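Residue-level listing of the chains:
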Amino acid sequence: MKEDRHAIEVEDLVVAYGDKVVLDRVSFSVRPGEIFVILGGSGSGKTTLLRTLVGLMRPRSGRIAIHGQNLTAMSDEQQMEIRRKIGMCFQGAALLGSLSVADNVALPLREHTRLEESTIDIMTRIKLELVGLGGAGELLPSELSGGMRKRAGIARAMAMDPEIIFYDEPSAGLDPIVAAGIDELIRNLRSTFSLTSVVVTHEMESVRLIADRVCMLHRGRVAGIGTLAELEGSDDPYIRDFLTRRPAESDADETEWARSLTAVD
Amino acid sequence: MKVETFVTADETRVVVTGDVDLYSSPELRKAVLAAVPRAKGAVGVDLGGVSYMDSSGVATLVEGLRSAKEHDKAFALVAPSPAVLKVLELARLDSVFEVRPER
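Sequence order for the protein chains is Z and R. To convert, note that position 152 of the first sequence is 151 in numbering that gives the first Met the number 0; the numbers rise steadily by one, no gaps. To convert, note that position 70 of the second sequence is 69 in numbering that gives the first Met the number 0; the numbers rise steadily by one, no gaps.
With the rest of the complex left out, here is chain R:
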């Protein structure tokens, strides 16, 4: 898994690629929870390049959403791959997140 953070004036974008699983999700958590309080505008997590995500990835996204609410920031999942959409649906959390289909 690879995680990169890009900061612009109106959005902080965390871009994730590869497999998000029990062993890699702590790195995503670290990146997301660091990005939220620092963001000047909204936070977007780009999940278009995620090939696999397990429930630890879902839990990490829930933690990001919670943190964004605490900091009064908008939080969205950007272009989630079919693998991500499937696992969110399975966890019945697909309606909890703002999802932006386009990058």
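Bound conformation, chain Z alone:
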């Protein structure tokens, strides 16, 4: 397999909903095999960034390259080829409730390959074993705990043997012990498969456990990129406040607020 200096390169990415710019000239690169965390508060643009990276949204401008291939200059068909090497683990696992766990994991293989059912069955069992759900293939998603659903979502993201995997808030809504188990799984998959992993989260405990490097987003812009230790030593007041969980001071103009409240038309 070709060795690339960067698994993912993002340059001057601008994404907007109508007139509202949600991501403003975002640039970063992800090294092969690293766990790269995109961190930010509510409304920082991190979910939009993830959706754009996996092709669910089109940027207004800028460049996204996967293993050196510029996705933004490609047709949808060409992008599909690249995206087959990408796995996406959605926040709520996004399992189909009417299908068993095994059928959920097998779904991408049935949709995108011409493999025989007997091959798909063995591959599915390998993936379920990999995430610790070896005996749960016949269960329905509704019969799984929150942590098991996350694991099933990860197994499905791994179905096509991706080179890059994206996780959207993988430990959100889980108790600390189950969340730590998911973090450990993310680390194990990375070390076992040299899997490039991009994790969107706002959970600082997870960041401490899994991140090689962190990209901190604030109001749609990159506030800082580096190891957690480097960001903790940052002079940027927002980064320091976020990492120490200090409430941000309101930057609203109080005079303006009072005026708007008492104004007479």
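There may be inaccurate statements among the hints.
Capping the alpha-carbon separation at 30 Å, the derived lysine-lysine pairs in DSS-like fashion look like this [unchecked claim]: (1) 72/R with 29/R; (2) 84/Z with 29/R; (3) 29/R with 68/R; (4) 85/R with 84/Z; (5) 84/Z with 1/R; (6) 72/R with 39/R; (7) 85/R with 72/R; (8) 1/R with 72/R; (9) 68/R with 85/R.
Simulated DEER-style distance windows between Cβ atoms [to be verified]: (10) 239/Z with 17/R: 29 to 39 Å; (11) 33/R with 116/Z: 11 to 21 Å; (12) 41/R with 229/Z: 55 to 65 Å; (13) 207/Z with 68/R: 22 to 32 Å; (14) 186/Z with 88/R: 17 to 27 Å.
Note that these hints are calculated values from the structure, not bench results. Note that the coordinates shown come from a computational prediction; the quantities given were computed from them, not determined experimentally. Glycine residues also receive a C-beta, built at the ideal position from the N, C-alpha and C atoms.
Dock chain R against chain Z, hints included.
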């Protein structure tokens, strides 16, 4: 990926080279599942020239092993490359197969 089958009196050897992935593994499956019932002796899958193998390749080898058991034939992986050994280990299936390091 390239697959060739060589038949001798005591062994049928399936020789694989290149990348075994989601798109090429059906061809390997076809060759292995055709070789097993026809083999007069043991079946060996030569994986020395495999540069990359994903889980569809592993699953294909498991299918070959199952078929060999059904037909009461010996089934071995011959000279598997480091890429093959790694993926078998990752799938925790390295101990399931008879592995012959030498060709």
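**Request:** Quick one: which hint numbers does this structure break? Sort them smallest to largest.
**Result:** Violated hints (numbers, rising): 10, 13; every other hint is consistent with the structure.
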